[in-house]
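FYI, UniProt numbering numbers position 76 of the sequence shown as 76, with every residue one higher than the one before it.
In short, the hints are calculated from the structure, not lab data.
Treat the hints loosely; a few may be bogus.
To be verified - Simulated pairs of lysine to any residue, SDA-like, Cα-Cα distance not exceeding 20 Å: (1) K2 x M23; (2) K73 x R86; (3) K73 x R94; (4) K2 x G104; (5) K73 x S106; (6) K2 x V100; (7) K2 x W33; (8) K73 x Y63; (9) K2 x A24; (10) K73 x V52; (11) K73 x E83; (12) K2 x K73; (13) K73 x G91; (14) K73 x D27; (15) K73 x E93; (16) K2 x F29; (17) K73 x E35; (18) K2 x E88; (19) K2 x S26; (20) K73 x S41; (21) K73 x W18; (22) K2 x D27; (23) K2 x S106; (24) K73 x L56.
Bear in mind the structure is a predicted one, so any value in this text is a computation, not a measurement.
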Amino acid sequence: MKPVDFDTAETYEPDEGWRRVSMAGSDQFSFEWFEKPPGHSSPMHDHENEQVCLCLEGELTIYTEDDEVTLQKNDSVLLESWEEHRVENTGDERAVGLDVFAPGRSFDFWTDRE
Numbered sequence: 001m002k003p004v005d006f007d008t009a010e011t012y013e014p015d016e017g018w019r020r021v022s023m024a025g026s027d028q029f030s031f032e033w034f035e036k037p038p039g040h041s042s043p044m045h046d047h048e049n050e051q052v053c054l055c056l057e058g059e060l061t062i063y064t065e066d067d068e069v070t071l072q073k074n075d076s077v078l079l080e081s082w083e084e085h086r087v088e089n090t091g092d093e094r095a096v097g098l099d100v101f102a103p104g105r106s107f108d109f110w111t112d113r114e
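Let the sequences and hints guide you as you build the complete structure.
Printed below as a string of structure tokens:
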């Protein structure tokens, strides 16, 4: 067993107000808790990992090249490997979500990009 205490877990902000916290994971999967301020969007990107994005609070809209879906509390979406996408807080309040990646993704994904 490998517990992770949220208050002492590894964390960083790729952009102001966009905080990510590394939760339990392995080479096979990883969990990242995140929060986004209203109006914040990640840039369009893709990665080798399949991704499930679960909305815990607020409203998150996920955009792909061909579609978009807005998630409310407890809604989720599956993004396939290499599916280009971005995640935006389209609500008026802070949004909180949980990303699950398989296989596990390096936690420095956003800081290690050019």
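Note to self: What's the verdict on K73 and L56, does the C-alpha distance respect the 20 Å limit or exceed it?
What the structure shows: Answer holds: K73 to L56 is near 5 Å, not above 20 Å.
Notebook entry, point to check: Does K73 pair with G91 here, judged by a C-alpha cut-off of 20 Å?
Noted result: holds (12 Å)
Note to self: What's the verdict on K2 and E88, does the C-alpha distance respect the 20 Å limit or exceed it?
What the structure shows: Given pair K2, E88 is violated - Cα atoms ~31 Å apart, limit 20 Å.
Notebook entry, point to check: Straight-line Cα separation of K73 and R94 no greater than 20 Å?
Noted result: holds (12 Å)
Next item on the list: Mind checking the alpha carbons of K2 and S106 for me, to see if they're no more than 20 Å apart?
Entry: With a Cα-Cα distance of about 17 Å, the restraint between K2 and S106 holds, given a limit of 20 Å.
Margin query: Does M23 sit within 20 Å of K2, going by the straight-line distance between their CA atoms?
Written below: holds (10 Å)
Item checked: Satisfaction of hint between A24 and K2, Cα-Cα up to 20 Å -> holds (7 Å)
Check: Is K2 within 20 Å of G104, Cα to Cα?
Finding: Holds. K2 to G104 sits at ~15 Å (cutoff 20 Å).
Check: Is the Cα-Cα distance between K73 and D27 20 Å or less?
Finding: It is violated: about 28 Å lies between the C-alpha atoms, which goes past 20 Å.
Note to self: So if I understand the rule, the pair passes when the alpha-carbon distance is 20 Å or less; does K2 with K73 pass?
What the structure shows: violated (28 Å)
Check: Quick one, are K73 and S106 close enough, alpha carbons at most 20 Å?
Finding: violated (26 Å)
Note to self: Run the distance test for K73 versus V52: straight-line Cα separation, threshold 20 Å.
What the structure shows: Since the Cα atoms of K73 and V52 sit roughly 14 Å apart, the hinted pair holds (cutoff 20 Å).
Against the hints set out earlier in the document, violations occur for numbers 5, 11, 12, 14 and 18.
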